[in-house]
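J.: One letter stands for each residue in the lines below.
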Amino acid sequence: MSPEISNQSLLFLIVFVLVPLWLSYYYQLGLKRDIIWSSIRGALQLFLIGYALNFLFDLPAIQGIPLMLSVMITVASFHAKKKGEGIPRMLSTIVIGLILIEGSVLSLWLLADMIEFTPSQVIPMSGMVIGNSMVAMGLAIERMRSEFKENEGRILAALSLGAKPSQSSKIILQQTLQSSLIPNVDQLKTIGLVQLPGMMTGLILGGVNPVTAIKYQLVISLSIFSAVSISAIYITLMTYKYFYNDRMQLKRMESE
Amino acid sequence: MYSFHNVHKGILQNINVTIEKGEKVIIFGPSGSGKSTLLHLFNRLQDPDEGKIHFKDNPIQSYHIPDLRNQAGLVMQAPHLFPGTVLDNIKYGPSLRGDWREQDGEELLAYVQLPTEYLSRDVNHLSGGEQQRVSLARTLANKPEVLLLDEPTSALDQHTIEEIEDVLEELIHEHQLTMIMVTHNLKQAKRLGDKGIFLSEGEILESGLILDLLETPTTTSLQSFLA
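The listed protein sequences correspond, in order, to chains S and A. The first sequence maps to residues 1 to 256 in this note's numbering. The second sequence maps to residues 1 to 227 in this note's numbering.
Keep in mind that the hints were calculated from the coordinates and are not lab data. Since the structure is predicted, the reported quantities are computational estimates derived from the model, not experimental observations. The C-beta atom is built at its ideal place from N, Cα and C for all residues, glycine as well. Take these hints with a grain of salt, some might be off.
Claimed, not checked - Here are a few chain A residues that sit away from chain S, every Cβ distance over 12 Å (derived from the structure): (1) K21; (2) Q77; (3) N89; (4) G93; (5) D104; (6) G128; (7) D150; (8) E215.
Unchecked claim - Here are the simulated lysine-lysine pairs, DSBU-like style, with alpha carbons at most 35 Å apart: (9) K251/S with K82/S; (10) K143/A with K251/S; (11) K52/A with K251/S; (12) K52/A with K170/S.
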């Protein structure tokens, strides 16, 4: 049976907040308000989402799942969009990408009978895929911006040699994708050795047999790996062209 | 070959220039006077805000942009080589059009006086002068009619500068190229150019034979620039 943490025990968590608070005070980091506010906000958010999940899990799957997935995709899209400020149609591009990625991953899970179409299984698993895809898209956009800046000379060289934007951006795309994928490859290599992944830990604490927990972890880890790769490739391919105008010139140079 | 009519772009004001086929034109002037911007207008890496540019008697916009850039090849101040080998770099332009022949590699290296075995070298293992020669060979691979040079020797030592100048002189003569070069190096201007354009704060203050400009400047701006 899953053990439950009592409310009194939870109160002791305040110790974990006092440590950074003391550090902030001692080293004059000026983070006192942020630490208190983020701890309270975090706790409240988690409880609220706990109650929301209870509500959603009680709904019929056909209502609860689309409802929660829509909320997740909307919030994730607005968050990832911030990294792409100035790039046109960023929000719709991210929304479409997340829907496609989540849709394909979920279809595979269901078709291969890995999970059941119930809110309690689909929502937490999908949340991980959407959250990681959101981060991957944000990072890829950020990385692409800096690669365009860093490699401006090479891009100009390629354009001046007759390359079209799709050809001159190839070096940038390679580097952006590489840096998006490498952390995931590294993470997969050390999975379970350096730290037990969150989902697996949760299942084990909930009383599930470790080998069963590992199976779920494998499903989610490989799904995230794939979703992150597709997210990075998708967002890079969809947005690199906005760095050029229709005359095969770098937009940044228009105003110079 | 090129004619500019009342061209304005950023700092550049009212630029009127005519360049004939086979001329060797030097663009010079103080930093920030718009020299590189002017050079970028020749191959449409930038476009004017106002005014008209003609290339070979046709409006420059009438050319397919990659074709125009092949005909007016640019060599930049820094070589900006692509990761990979010398061969990867020099075949870049022709490969985009499926126009690369293996035997071209040796010929191009010979133009810039580098030994054939350099073809397989990683560009990171080349000296600054060698990298600039590869950059020049990469541009020549497109068989341009016009060579646009943006201070191609400014980061090199005197000995290497002279070597590159020798290479350029021979190439321009042998292939009868039109050359448009931005340089700060007045000795180089004298050696490689036959016409000059003196730019200051975005305006052409003097133009004519380079020797006349350097030896008998008429404006006070050019006189103080040369002093």
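J.: Just checking, Q77/A versus chain S, shortest CB gap more than 12 Å?
T.: Given that some Cβ of chain S is not farther than 12 Å from that of Q77/A, nearest at about 9 Å, it is violated.
J.: Any Cβ of chain S at or closer than 12 Å to E215/A, or is the non-interface label fine?
T.: Consistent with the label, E215/A stays out of reach of chain S, its closest Cβ about 33 Å off (over 12 Å).
J.: Taking 12 Å as the cut and beta carbons as the points, is G128/A off the interface with chain S?
T.: holds (14 Å)
J.: Going by Cβ atoms, does N89/A stay more than 12 Å from chain S at every point?
T.: violated (9 Å)
J.: CA of K52/A to CA of K251/S, is that 35 Å or under?
T.: holds (21 Å)
J.: Check the hint pairing K143/A with K251/S against an upper bound of 35 Å on the C-alpha distance.
T.: Answer holds: K143/A to K251/S is near 28 Å, not above 35 Å.
J.: For G93/A, is the shortest CB-to-CB distance to chain S above 12 Å, so the non-interface label stands?
T.: Not fine: 4 Å to the nearest Cβ puts G93/A too close to chain S.
J.: Check the non-interface label on K21/A: least C-beta distance to chain S beyond 12 Å or not.
T.: holds (20 Å)
J.: Compute the least Cβ-Cβ separation between D150/A and chain S, then decide whether it is above 12 Å.
T.: violated (10 Å)
J.: Is K251/S close enough to K82/S, meaning Cα to Cα at most 35 Å?
T.: Roughly 20 Å separates the two Cα atoms, so the pair holds.
J.: Checking the smallest CB distance to chain S, is D104/A really beyond 12 Å?
T.: holds (14 Å)
J.: Does the alpha-carbon distance linking K52/A and K170/S stay inside the 35 Å limit?
T.: Holds - the C-alpha atoms of K170/S and K52/A are around 33 Å apart, at most 35 Å.
In the structure shown, a violation is registered for the earlier hints numbered 2, 3, 4, 7, in ascending order.
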